[in-house]
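So the sequences go chain by chain: A, B and C. For the first sequence, position 299 matches number 299 in my numbering, and the numbering has no gaps at all. For the second sequence, position 9 matches number 9 in my numbering, and the numbering has no gaps at all. For the third sequence, position 175 matches number 175 in my numbering, and the numbering has no gaps at all.
Since the hints were made in silico from the structure, they are not lab data. Every residue, glycine too, gets a C-beta built ideally from N, C-alpha and C. Please note that a few of the clues may not be correct.
[Claimed, not checked] Each computed DMTMM-like pair below joins lysine to aspartate or glutamate, with the alpha-carbon atoms no more than 25 Å apart:
| hint | chain 1 | residue 1 | chain 2 | residue 2 |
| --- | --- | --- | --- | --- |
| 1 | A | Lys97 | B | Asp177 |
| 2 | A | Lys102 | B | Glu105 |
| 3 | C | Lys309 | C | Asp35 |
| 4 | A | Lys21 | B | Asp168 |
| 5 | A | Lys133 | B | Glu163 |
| 6 | A | Lys187 | A | Glu167 |
| 7 | B | Lys159 | A | Asp40 |
| 8 | C | Lys200 | A | Asp40 |
| 9 | A | Lys21 | A | Asp82 |
| 10 | A | Lys265 | A | Asp218 |
| 11 | A | Lys37 | B | Asp113 |
| 12 | C | Lys74 | C | Glu88 |
| 13 | C | Lys127 | C | Glu174 |
| 14 | C | Lys133 | C | Glu88 |
| 15 | A | Lys133 | B | Glu164 |
| 16 | A | Lys265 | C | Asp35 |
| 17 | A | Lys37 | C | Glu156 |
| 18 | A | Lys30 | B | Glu105 |
| 19 | A | Lys37 | B | Asp266 |
| 20 | A | Lys187 | B | Asp168 |
| 21 | A | Lys97 | B | Asp113 |
[Unchecked claim] To list a few chain B residues with every Cβ distance to chain A over 12 Å, as calculated:
| hint | residue |
| --- | --- |
| 22 | Ile27 |
| 23 | Thr38 |
| 24 | Ile80 |
| 25 | Met87 |
| 26 | Leu111 |
| 27 | Ile127 |
| 28 | Gly132 |
| 29 | Ile139 |
| 30 | Glu164 |
| 31 | Ser172 |
| 32 | Val252 |
[As the list claims (entries may be wrong)] Beta-carbon label-pair distances, calculated as ranges:
| hint | chain 1 | residue 1 | chain 2 | residue 2 | range |
| --- | --- | --- | --- | --- | --- |
| 33 | A | Ser63 | C | Ile81 | 38 to 46 Å |
| 34 | A | Lys97 | C | Pro107 | 34 to 42 Å |
| 35 | A | Arg144 | C | Ser291 | 27 to 35 Å |
| 36 | B | Asp113 | A | Gly39 | 54 to 62 Å |
| 37 | A | Leu148 | C | Ser291 | 24 to 32 Å |
| 38 | B | Ile107 | C | Lys127 | 52 to 60 Å |
| 39 | B | Arg179 | A | Arg163 | 17 to 25 Å |
| 40 | A | Asp258 | C | Asp268 | 37 to 45 Å |
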Amino acid sequence: MSESIQSTYGVAQDDGLLATKDLKKYFPVKGGILNRKVGDVKAVDGVSLAIEEGKTLGLVGESGCGKSTLGKTIMRLHDPTDGNIYFDGEDISDAGKSRMRKIRRNMQIIFQDPASSLNPRMSVAELIQEPMKTLTDWSKEERRDRTLELISEVGLQEGHLQRAPHEFSGGQQQRVAIARALSVNPKLIVADEPTSALDVSVQAKILNLLSDLQDTYDLTFLFISHDLSVIKHICDDVAVMYLGKLAEVASTEEIFDDPKHPYTKALMSAVPDASAESMTDRILLEGDVPSPENPPSGCRFHTRCQEYIGEICETDEPQFTEPSAGRYCSCHHYSGST
Amino acid sequence: MVLRRLSRNWFAVFGAVVAVTLVLTAIFAPVIAPYGPTEADYNSIREAPSLDHPFGTDNLGRDIFSRVVFGSRYTVFLGIVIVGIQMAIGVLLGLIAGYYGGWTESIIMRLVDISLSIPGIVLALAIAGILGGGIESLIIAVSLVGWRGFTRLVRGDVKSIMEEEYIDAAESAGVGDIRIMTRYILPNSMSSIIVYTSLTIPTVILWSAALSFLGMGVQPPRPEWGAIISIGRSQLAEQWWVSTFPGLAIMVTVIGFNALGDGLRDALDPKQE
Amino acid sequence: MTDNILTVEDLKVDFHTEEGTVHALDGISFEVGYDEVLGVIGESGCGKSVTVLSVMGLLQSPPADIVDGTIEYKGTDLLSISDTELNEIRGDQISMVYQDPMTSLNPVLTIGHQVMEPLLRHTNMSKAAARQKGIDMLESCGLADADRLMDEYPHELSGGMRQRVVIAMALVTEPDLLIADEPTTALDVTIQAQIMELLKSLQEEFGMSVVFISHDLGVISEISDRIAVMYAGRVVESATMRNIFTNPLHPYTRKLSESIPSLDSTVDRLPTIEGQVPSLYNPPTGCRFASRCPEHLGEECEMVDPRLKRIEENAAHKVACHLYTDVSEASPPWDVEEGDAQAVTNKATQGDKYE
């Protein structure tokens, strides 16, 4: 059990390398003739978590649960609606452009689809050097040397440098994106579904590369994915997200051995596994994920929950509790003193 | 790649041939034209087309063919200058509107909407009229009317490019606004700007000729095509050739550039890549 | 081969592009039995989608060009019949479910219109009867309130519901053969689980044959009786589902399943396949996996095309690899999870003994 998890519930400013406290990101919904705001999509609705330096926190959930928005808000690509983001003990939730530029040297992001995250009109060399140009005061030679070093670290060749991104396969493009994120020696990397657009055999290579780089550079990862098997492979701790809120947080080992939240259980049971023989005790969720514009009252999962207790699930929002040491779960099953 | 695709479309090839011919004619006008553009020959007034004067002569005995050849210089010059000005204004405003959004965008786009509510040629005529005619007022008038198309186009492009993840990536790399606009957005919007430009050229040529025809642009005796037509207009029944040949020149040029623009649009279509 | 509903024999498809000719399918053969689910697995660009489009007669030509081969459906070669005859079969006896439910439904037509369409085209059913049948089918696909749904438009539904509608459309004529091209790839895992359960129960209910295309070994294992593994335009191995998982013979099959992280085991590093899929513009001679193969035998692999062949008498396990030139050598040269190589051979013949 890592320190980061123990402090998740009452996150403090200097917990781990990155911490968020009650972070919210709403997107306005406009409508009507006057294009007035008619509501909010509560993409991230009060998330507190912390990642200890050198660790990998997996953020898992289905599409629309807000996990990518959370990643981008932490990167300050979106401005948070409410709450705090602490990076290295510093509150960056309302940092201005010039302050963010200094901070971005230490936090970088890798996106899901390398084909769209690389500017098609730039060469590989320009792409990799872009963060160094804007975020460091390195000389041309230093940037060049660093580029060559990175190229070999991520498994590309020097001859690739002058080519355009579309000349590469998806796996190679993702290597370019990784090299770019690494170029300024950041401490934290937000990896937003970095292998979802890739074939499985390529995925394995990229996952191995990320682990190697984590060892070399002592990197901290926020690893966002919908794929539980990938999460299990690469993460130290796991946070499960549902409709803008965290459902459960625990170490990888514990959460996979003994999932507590009914949603976590259903999610795990839904993963098709070639080696699993019988599917008889599979939990099948009813219906679809409700809209984050108008989330269900009380526990957001109650409309699909297979362990629904009663009215309390519909009326009261469950608090994040610690059903066993170091494990956090927001479910009325554990709200008493279980 | 683009050229290869373009060359497969015969209509676009025709357009390219017209464009190249026009530019070459403008450059080599003194070599091609048998007479000077304003050289009057009182011994051959109002002659019908013949071997000596393939397009005939006008009421002052000027060779229409030579005038049309020299007129191409105005066409090319006005086309390049006016489209250049339109593009500069339009692209800049479009970039700013699309990138910054909010109030900036509202103001710029309302400006576009308002000016679009007045028919272009009427607006151009009014501006040229206020400025008092002549080649400068023609350039200003047509430029001020045409930029708004570029603004709309570029703003739309910027909006969709801003949705691309590489803009987020640039932002997290700390890239500043100006550099994002010039290195990320503009290059990715270039192909649609090129296509729109080649489709704007014929409009500009047509409008320049129209304003000159109406006496608000290039003034006679300068051999601008619209101005030549204007001279021949009153004798259209007797000396049809005076207005017909410059008219044909305008028609072929406009069709040619439209064909080229259409061809470019097909060839640059990213969906085919 | 009368016991097969679909037999594809030596199918070769080229694509003529500006950059040259892509040999997308290079002599693939497979068959689907009655009431059988064949899973086709492979990574992007291996030709699995081209295969199903060929079967459906939906390849655009040009650029596509079916160079060789036959596609026999119940004894009729689909490649040699006229378009009208093909249209009679397609959409009635053979139907298809596509990957993306967003784009496979027409946004301007009601659900009812789209579900009834195949019935009105292929049968003499009255409109009222077709509507009833459509409602029944939507209900079978787990859509509550089907009567009201018939008058709604696709955008009013969620992704999971849309895919149910797409499946109902495909099944409304009660086809004998359903082709499902990555039907759950665009969906979330919990919705994917629902759709897979639905497909499984409908397959049992209607007793139809299914060709199920996927890149996801886990998904495909849930539904398939037999699996064909494709690589670079060829079928490299085909066997019963259990044999593919417990006794994969082709080095590619084995490497592929190893490279997927598993929920049951923990490894520090994932085994990977070196190199990249060869270009199909100018594919290498011999085995297409040769340059990446950990079991590379030598020149033979680069020079001689391995044919897809049975490794044992009567066994349904076929592989295209030079490791298995001799019938007696039906065990792979690597360690098998439990027992010795002999046990593996027995498994291959006796099916589910490994449990």
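Of the hints stated earlier, which fail here? 2, 6, 8, 10, 16, 19, 21, 30, 31, 36 and 40
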